[in-house]
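2 protein chains.
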Amino acid sequence: MTEPRASVNLAHKLAQFDELWTQKKIADLNDYEVKLAKLKGEFIWHTHEDTDELFLVISGRLTIRLRDGDVVLEPGELFVVPRGVEHCPVADEETAILLLEPAGVLNTGDAGGPLTKAAEPLD
Amino acid sequence: MTEPRASVNLAHKLAQFDELWTQKKIADLNDYEVKLAKLKGEFIWHTHEDTDELFLVISGRLTIRLRDGDVVLEPGELFVVPRGVEHCPVADEETAILLLEPAGVLNTGDAGGPLTKAAEPLD
Chain A
1 MTEPRASVNL AHKLAQFDEL WTQKKIADLN DYEVKLAKLK GEFIWHTHED TDELFLVISG
61 RLTIRLRDGD VVLEPGELFV VPRGVEHCPV ADEETAILLL EPAGVLNTGD AGGPLTKAAE
121 PLD
Chain B
1001 MTEPRASVNL AHKLAQFDEL WTQKKIADLN DYEVKLAKLK GEFIWHTHED TDELFLVISG
1061 RLTIRLRDGD VVLEPGELFV VPRGVEHCPV ADEETAILLL EPAGVLNTGD AGGPLTKAAE
1121 PLD
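If you read the sequences in order, they're chains A and B.
Under the numbering used here, the first residue of the first sequence is numbered 1, with each subsequent residue one higher.
Under the numbering used here, the first residue of the second sequence is numbered 1001, with each subsequent residue one higher.
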């Protein structure tokens, strides 16, 4: 059997959902997941002790607050939050991002709480 | 000491080099590397036996030839070539891509030959 070989169009995938702060998986890369999310407002401070986390802004504007200063990302800009570095994503306007990190990493890291949500597949 | 926390602007990084078929590292993510490359023409058929490889087109148009059909990527589209799948990138016009795979993966995979080149840091 030949598997279908389909590209992933980021804009088309983003058009498939409206929920904020919910990671949608769009591809696997070995044991990593490529995910999309839409953000607006302020998340919570949290840390991923065991992994770096890549943020790439597709549209909007994302501020990643860090304890030693903010990183502001415009479309076409990326930042890798190093493992163990506490951070808090904030978006004043609705912002679409691509996320990359190992499978199973939770959005709230060590902080937990009611905003914790596993990534969901997006077909 | 506080490390500087700098975002990576893909367009600015792409403006820093002209060489074709040379992977430029722009970020680390755990033991993975985020790289940029400019492509034009046809590469060689090769396989990465031990890893998937992510291609995201930033500008231009990339055809990834596979033995069971082509995948064509426009800007904002990505594709993960699964490990063990032979592929040959082709770009009719100059095309800029973001690549993601484990550190140390060579561009020509199992094929080797004169086009083999390790990724270079881009500061």
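Possibly wrong hints are sitting among the right ones.
Restricting the straight-line Cα-Cα distance to at most 30 Å, the calculated cross-link-like pairs of lysine-lysine (DSS-like) are [stated by the list, open to error]:
(1) A:K25 with B:K1024
(2) B:K1024 with B:K1117
(3) A:K40 with B:K1013
(4) A:K25 with B:K1013
(5) B:K1040 with B:K1117
(6) A:K24 with A:K40
(7) A:K25 with A:K117
(8) B:K1117 with B:K1025
(9) B:K1025 with B:K1040
(10) B:K1024 with B:K1013
(11) A:K117 with B:K1013
(12) A:K117 with A:K24
(13) B:K1117 with B:K1013
(14) B:K1013 with B:K1040
(15) A:K40 with A:K117
(16) B:K1117 with A:K24
(17) B:K1040 with A:K40
(18) B:K1025 with B:K1013
(19) A:K25 with A:K40
(20) B:K1024 with B:K1040
(21) B:K1025 with A:K24
Keep in mind that the hints were calculated from the coordinates and are not lab data.
The model shown is predicted, which means the values in this text are computed figures rather than measured ones.
Each hint, compared with the structure:
{"no.": "1", "hint": "A:K25 with B:K1024", "result": "27 Å, holds"}
{"no.": "2", "hint": "B:K1024 with B:K1117", "result": "11 Å, holds"}
{"no.": "3", "hint": "A:K40 with B:K1013", "result": "28 Å, holds"}
{"no.": "4", "hint": "A:K25 with B:K1013", "result": "27 Å, holds"}
{"no.": "5", "hint": "B:K1040 with B:K1117", "result": "16 Å, holds"}
{"no.": "6", "hint": "A:K24 with A:K40", "result": "16 Å, holds"}
{"no.": "7", "hint": "A:K25 with A:K117", "result": "13 Å, holds"}
{"no.": "8", "hint": "B:K1117 with B:K1025", "result": "13 Å, holds"}
{"no.": "9", "hint": "B:K1025 with B:K1040", "result": "19 Å, holds"}
{"no.": "10", "hint": "B:K1024 with B:K1013", "result": "9 Å, holds"}
{"no.": "11", "hint": "A:K117 with B:K1013", "result": "34 Å, violated"}
{"no.": "12", "hint": "A:K117 with A:K24", "result": "11 Å, holds"}
{"no.": "13", "hint": "B:K1117 with B:K1013", "result": "19 Å, holds"}
{"no.": "14", "hint": "B:K1013 with B:K1040", "result": "18 Å, holds"}
{"no.": "15", "hint": "A:K40 with A:K117", "result": "16 Å, holds"}
{"no.": "16", "hint": "B:K1117 with A:K24", "result": "35 Å, violated"}
{"no.": "17", "hint": "B:K1040 with A:K40", "result": "39 Å, violated"}
{"no.": "18", "hint": "B:K1025 with B:K1013", "result": "10 Å, holds"}
{"no.": "19", "hint": "A:K25 with A:K40", "result": "19 Å, holds"}
{"no.": "20", "hint": "B:K1024 with B:K1040", "result": "16 Å, holds"}
{"no.": "21", "hint": "B:K1025 with A:K24", "result": "27 Å, holds"}
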